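2 protein chains.
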Amino acid sequence: MLDKLQELKTRLAEISDLGSAAALLGWDQETYMPPGGAKARSEQLATLRRLAHELFVSDEIGRLLEDLSGPAADLDPDSDDARLIRVTARDYAKACKLPPKLVAELARTTSAAVPVWAKARQESDFALFAPHLEQIVGLLIQKAEALGYQDRLYDALLDEYEPDMTAVQVEAVFTELKAEIVPLLRAITANLDAVDDAVLHRDFDEGKQWELGIEVLKLIGFDFEHGRQDKSTHPFTTAFSPTDVRLTTRIDRTFLAQGLFGTLHEGGHALYDQGISLALDRTPLCEGASLGIHESQSRMWENLVGRSRAFWRFFFPRLRAAFPDQLADADAETLYRAVNKVRPSLIRVEADEVTYNLHIMLRFELENDILEGRVGIAEVPAAWNAKMETYLGLVPPDDAQGALQDIHWAWGLMGYFPTYSLGNLISAQFFDQARADLPDLEAQIEAGEFAPLLSWLREHIHRHGRKFTPAELVERVTGRPLDAAPFVRYVKNKYGELYGLS
Amino acid sequence: MLDKLQELKTRLAEISDLGSAAALLGWDQETYMPPGGAKARSEQLATLRRLAHELFVSDEIGRLLEDLSGPAADLDPDSDDARLIRVTARDYAKACKLPPKLVAELARTTSAAVPVWAKARQESDFALFAPHLEQIVGLLIQKAEALGYQDRLYDALLDEYEPDMTAVQVEAVFTELKAEIVPLLRAITANLDAVDDAVLHRDFDEGKQWELGIEVLKLIGFDFEHGRQDKSTHPFTTAFSPTDVRLTTRIDRTFLAQGLFGTLHEGGHALYDQGISLALDRTPLCEGASLGIHESQSRMWENLVGRSRAFWRFFFPRLRAAFPDQLADADAETLYRAVNKVRPSLIRVEADEVTYNLHIMLRFELENDILEGRVGIAEVPAAWNAKMETYLGLVPPDDAQGALQDIHWAWGLMGYFPTYSLGNLISAQFFDQARADLPDLEAQIEAGEFAPLLSWLREHIHRHGRKFTPAELVERVTGRPLDAAPFVRYVKNKYGELYGLS
Chain Y
2 MLDKLQELKT RLAEISDLGS AAALLGWDQE TYMPPGGAKA RSEQLATLRR LAHELFVSDE
62 IGRLLEDLSG PAADLDPDSD DARLIRVTAR DYAKACKLPP KLVAELARTT SAAVPVWAKA
122 RQESDFALFA PHLEQIVGLL IQKAEALGYQ DRLYDALLDE YEPDMTAVQV EAVFTELKAE
182 IVPLLRAITA NLDAVDDAVL HRDFDEGKQW ELGIEVLKLI GFDFEHGRQD KSTHPFTTAF
242 SPTDVRLTTR IDRTFLAQGL FGTLHEGGHA LYDQGISLAL DRTPLCEGAS LGIHESQSRM
302 WENLVGRSRA FWRFFFPRLR AAFPDQLADA DAETLYRAVN KVRPSLIRVE ADEVTYNLHI
362 MLRFELENDI LEGRVGIAEV PAAWNAKMET YLGLVPPDDA QGALQDIHWA WGLMGYFPTY
422 SLGNLISAQF FDQARADLPD LEAQIEAGEF APLLSWLREH IHRHGRKFTP AELVERVTGR
482 PLDAAPFVRY VKNKYGELYG LS
Chain U
2 MLDKLQELKT RLAEISDLGS AAALLGWDQE TYMPPGGAKA RSEQLATLRR LAHELFVSDE
62 IGRLLEDLSG PAADLDPDSD DARLIRVTAR DYAKACKLPP KLVAELARTT SAAVPVWAKA
122 RQESDFALFA PHLEQIVGLL IQKAEALGYQ DRLYDALLDE YEPDMTAVQV EAVFTELKAE
182 IVPLLRAITA NLDAVDDAVL HRDFDEGKQW ELGIEVLKLI GFDFEHGRQD KSTHPFTTAF
242 SPTDVRLTTR IDRTFLAQGL FGTLHEGGHA LYDQGISLAL DRTPLCEGAS LGIHESQSRM
302 WENLVGRSRA FWRFFFPRLR AAFPDQLADA DAETLYRAVN KVRPSLIRVE ADEVTYNLHI
362 MLRFELENDI LEGRVGIAEV PAAWNAKMET YLGLVPPDDA QGALQDIHWA WGLMGYFPTY
422 SLGNLISAQF FDQARADLPD LEAQIEAGEF APLLSWLREH IHRHGRKFTP AELVERVTGR
482 PLDAAPFVRY VKNKYGELYG LS
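Which chain is which? The protein sequence lines are Y and U, in order. Each residue of the first sequence is one higher than the last, beginning at 2 in this note's numbering. Each residue of the second sequence is one higher than the last, beginning at 2 in this note's numbering.
Isolated chain Y (complex conformation):
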């Protein structure tokens, strides 16, 4: 058995190396690649991904997994090896279900759709994008059918990003969440001016903001010996190994929150990637447990830490040292309030903690309606706008600010959006547990000591990589299944106080 396991690992390491190389090509594309290099790059990426896929769905891997399935039963079920065999077998079964022709057609279709979507958004012309979306939805339905599902088409797509999660489960937590958030937002909306964020909209030198971002990353424990930060139009984090993790940020000279919270958010992803056990390197386990769990880490550092009063008591003097003139009239409380201003808006990526999940629910419901034929492609903008009015009290003046705002559908990503909200919910659930295990957590944050929290995250979450499913991990860490209550409590307490709601 050891021989076969070793052979499996050797093959998986090779495939992982191809994946890491592709990730570097992707990173370079967004950071340093000259514009004229785009065509060659897309060919290189297509080749690497095709080879990785071919090597993975090979008969040899299938045979090794089959040969190992018996002996694996004798292993400690939570051991790295047992989990590696289990997760790889699951990935293998899924990968083999997808006809190569369908994969190629999805790649071709989405790659043609992206520039059309960009043009459609620019011209706010949904009709331009509609035929492409129609095609993509058709292919996604084929994909869901090929992958199989118990209950709904949506389950098959969601499973790609949040293994074992179902649309019904998402619906349950979203229903609970909606029941609490919509009234909360209504109360806040009646009192919007209670919080002022003018202090963030001053002139903040870009170079100083950059230095500050590096300082923040060092403070929270990002290891620059094994990673780096660069600039890109759309911030993201990528890893080629736990020993080489790259995040990017973008800086807005006239809006301090952009760079700072972008760095904290991506820094949270990056800490997760750096914290995965090296024993899992070059295997399919060397990734986050799911997109939702990954997002729980970014949102925890961005919001539960970075938007806390304790953090601002610690961080304000450092910020003022960098920007003494801009912040001459401010104090820690001014900043704490400013970075927590709620402002219902049309655009998801600009949304605050209270409204963010409403944007996601809208997309989740609409995607289900589209996949199941209840909303035709032509009706998407109207359906979008109706939901916006219900949940946020706003109606998009055009589709650029409505159904065309996200690139996800053009990329062929449906079933992906819920992971953002799941990340918010899980971050609060994890943070409650961290507070229970680390009674001094708030005082530590206020003293700028982030190492205890990071150690806790490493021990309970990061090091495991993809060994456990998201549901298993949430249960292991918190002793309870996924639950919207901690997040609801958190926002109600925090924003209730900020907005003077009883």
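Calculated from the structure, these hints are not laboratory results. Everything numeric in this text was worked out from a predicted model, so none of it was measured. The beta-carbon is built from N, C-alpha and C at its ideal position, and this holds for glycine as well. You may find that some hints are simply not true.
[Claimed, not checked] Computed footprint of chain U on chain Y, listed as stretches where at least three residues anywhere in the stretch have a Cβ under 8 Å from a Cβ of chain U:
1) 76 to 82
2) 224 to 231
3) 239 to 249
4) 324 to 335
The hints should help you fit chain U onto chain Y, whose structure is shown.
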């Protein structure tokens, strides 16, 4: 036949994509990779190279080449397709001759040798490196035997870098060169103070030097839409396609020539890579014809253009605009003389145009002596020092400044050094032809018009990529075989005048 040719091209494109991905990984390693990412990177690179090799030596490629060998005879022998088949068949035959075990052992041995070499150089302790060099030489002899050769072991190794060139041919041009250069150098050495380069050793702001390098690259025609420049410890150029060419430079605040001529040198390589016909992209023809031909392009821009009086008449005012204080007492002629100062030195990479080739001859002769057993590994330092004294009149005070100075042997590169000198010779031979074809060339350079020269290089050299062997290309461009005379004439005229040698 068209079907088979298309299939061959599809397979070669895939292999080329893997090579380009590996090149990006290599570029990142030298520019942006965090130090802790090195181990993972070397695994990723090993995997990409092994896969590319396996795909290339596959039976399918062998069969396609065999099937195409007949029909290829009916093609225009200079057509892209005929050349592609011929060059690929040659590469394939060579690749199949190398036992995978030998390739792996060379990779392992050299990868272990490099850090030992670095330590040995730092401590100037040749004995530390000697056992590794012994092993490497043993493996290189096995490699040469596996590849086969007509005359000398050296030929098999040289052929990797300079296809079809033999040690005897190199010896012939080197003998001619040595007969002229050694007396010239002796005459210059008697009069060393005739040229003063103090003006280059002042304080030149790094940011301004960087800007100047970008300006120079734009002037000579480097296309930033399809390439970029970055910083690295050791300057190099790499290409992932003619549409994405990257060069690097390093800047020394106290020595202006370092960055400026480094940029011109790498810029020459980069112009070559950008100029290869896009019809050859993603094939084995999309590279320089040989290392010697590649070096002819870098040396032409660095020396024949960048160290010419015409260039300095044009460039001096721009340089002074960047550094008005540092250059207040200088004029174009001061700079022209300074950048051409001859200074016999122990270190190859610091050598001027006159002494550079003597460093190469020493290595060429010594490598032949080592491979053929005339010089044992333990005797290398003494043999090195004796030749240094003969050719340059200097004796290294330690091996760090002698036989340990270059990384090449630790990397397993023997037969590589001559390509540097061949590049020098070919650059002069090509430039003579360019001058004959472009009678206004000098006036154009003096006017800062580099486009005519670049167009000439594109037309006669760049666009062909690897279609022609170096010998064929030299013959096609200049109507004559490789010849040391143009270079000898060039240095004798130029340095005779500079040093007042009758």
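Hint-by-hint comparison with the structure:
no. : hint       : verdict
1   : 76 to 82   : violated (count 0)
2   : 224 to 231 : holds (count 7)
3   : 239 to 249 : holds (count 4)
4   : 324 to 335 : violated (count 0)
Checked against the numbered hints given earlier, the structure breaks hints 1 and 4 and satisfies all the rest.
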